[in-house]
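Under this note's numbering, think of the first position of the sequence shown as 17, with each following residue one higher.
Simulated from the structure, these hints should not be mistaken for lab results.
A portion of the hints provided could be inaccurate.
With a Cα cut of at most 25 Å, we get these calculated DMTMM-like pairs of lysine to aspartate or glutamate [what the hints assert, rightly or not]:
#1 K236 to E533
#2 K315 to E205
#3 K315 to E408
#4 K192 to D490
#5 K236 to D162
#6 K88 to E115
#7 K200 to D217
#8 K220 to E205
#9 K206 to D196
#10 K464 to D490
#11 K229 to D540
#12 K236 to E205
#13 K541 to E567
#14 K236 to D470
#15 K554 to E588
#16 K315 to D196
#17 K575 to D593
#18 K554 to D431
#19 K315 to E361
#20 K315 to D377
#21 K192 to E91
#22 K221 to E294
#23 K221 to D232
#24 K73 to D217
#25 K541 to E568
#26 K248 to D224
#27 K229 to D490
#28 K137 to E90
#29 K221 to D321
#30 K541 to E205
#31 K221 to E205
#32 K328 to D355
Computed spacing ranges between beta-carbons, pair by pair [claimed, not checked]:
#33 H521 to L275: 17 to 27 Å
#34 L275 to Q172: 16 to 26 Å
#35 S102 to G410: 43 to 53 Å
#36 R293 to S102: 54 to 64 Å
#37 G499 to K137: 53 to 63 Å
#38 P591 to Q463: 51 to 61 Å
#39 G410 to Q172: 34 to 44 Å
#40 K137 to S60: 17 to 27 Å
Just so it is clear, the structure is predicted and the values come from calculations on it, not from any experiment.
Think of the CB as a built atom: it goes at the ideal place given N, C-alpha and C, for glycine as much as any other residue.
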Amino acid sequence: SVLVYFLSQFFARKLIQGDYRISVDRTDDEKESRLRVHSTVFESIMEGVAVTDADVKIISVNPAFTHITGFKPEEVLGKNPNIMKSGRHDEEFYRRMWESIIEHGSWSGEVWNRRRNGSIKPEWLNITRVCNDAGATTNYVASFIDTSAIRASQEQLHHLAHHDNLTGLPNRLLLKDRLDQSFKRARREKCQVAVLFLDLDEFKKINDTLGHKVGDEVLKQAARRIQALLRKGDTVARLGGDEFVILLDRLDRAEDASLVARKVLSTLRQPFTIANRELYIGVSIGISIFPQDGEDSDKLVRNADIAMYRAKQLGKNLFQFYTEALSQTANYKMELEADLRNALEAGQLQLFYQPQVSLADRRIVGAEALLRWQHPEQGLIPAAEFIQLAEETGLIMPIGEWVLQEACRQLLTWDEQGAQRLRISLNISGVQLHRSALFELVQSVLQKSGVQPDRLEFDIGESTFLAVTEKNLDVLHRLQSLGVGLAIDDFGAGYTSFGYLQRLHADRLKLSRSLLEGVPSNRDKSVIVDAITSLGEKFGIPILAAGIETEEQLHFAHKIGCKTGQGFLFAEALPPDRFQRFS
């Protein structure tokens, strides 16, 4: 950091020239003034600073060091900083740290250190080696900040990302994780797992006639009733709306799932007393069994969903097991795959562009390219409905190449029309990152089109980002060195650590639209969004607020430091000609 740099220069000068009081030219007012400023900064900055000699013995600490660690100067002077080691890091961690300091002259990263009171806290630590004119090490300067508050916000964010805000139940993300763990146990123990997909009957009528407040209370009471029926190792999750999923772990017989289904039907038939009213609902339940109805979480939940719709068709307030006869969805998927294979050659794919604007003056500064499929029979299909299919079948590779070429072509078209110079953001899936020669493709398309690399930005979903390998990181860093921007998309929907951000050196964070829902009135989300913007500021990463739909959200995003944003408040995704007129 700049702080570490100028402090290292200050101490280097001090130690190279000899004792400060003797060496400084007393007639040189400029030098005197500069050193006084450095000394004042050292004493007053919020970052803790410790200086050691070449033998790594502490020779100086500032007041912030004492404030953060609790150690007084006289308790640490002359001692090795390892007196604060927490025991959380192994010897390999410290070996790599010193290897970086010796080889590169510095190291930065997250460290857990012990305070004077014995507590262990996280810090973001920077260590810089100071050398004299001969190149010999004279000192080490360490500066650090206490990241406890930010980490606590991260943990709160992690909880919100994995739990339903209304009921407190696990959400889809956490359910998937628990399903995956259950499948592993079932394979080891040769048992079964059941998924029950629940959809409340008559709930929409309650919402429409009595309002969302009453509807929300019904959902909360229903969640508590279902939870009370389950064993400790089972899970009930809310997917959204009036849909719940029950995970029954370690079943000996598939028939055991029907016993739970009957209990759920019975308990939800009982009246709900809300605001002195007795309300009645029912529930339709679909059941799928691992492994015979699917060996992955998505398929098992999908098949339970298919069975639930059949139960609803049969008269509601029933349960239905999944069977192959119900698998019309699978046939539709096969038909859609065949159509998608033809779509690229038939020119049915299109790119729409959603404006990205400066929040200060609403001036358009870029656009996100969003894929659409103009199906000859079904009309315009958004990417969310076919991208997963494209990834599963490998079609994402030629589609991704077409998207890149089309975005570059469109940039050149706008340039010829005299439009302002914009950057286009493109979504990159995990499959593209893992399977394709992405760098070579991008380099080739840019060379052939003549588009400058800095006019492209690749958006990487947070979940994809967390799964990147060292090989993937190398590809991403090469793209950055080429001049292409990299953004972490949907940031805040999951859990990203300091280490991951440090590894990628992202150029931008795109705040998850889910976090803007309800702000600023939702205090929990507001605090988390504020923490994320602070995190971005500390890393020097600008933040784009996605999903801005109201003036209130716009004001909030701008107030907390987001420079750019996008959302329906400004414009929906537009075809190229409409985008040009809009801009």
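Q. Going back to the hint list, which numbers does this structure go against?
A. Hints 4, 5, 6, 7, 8, 12, 14, 15, 17, 18, 19, 20, 21, 24, 26, 27, 30, 31, 32, 33, 34, 37 and 38 not satisfied by this model.
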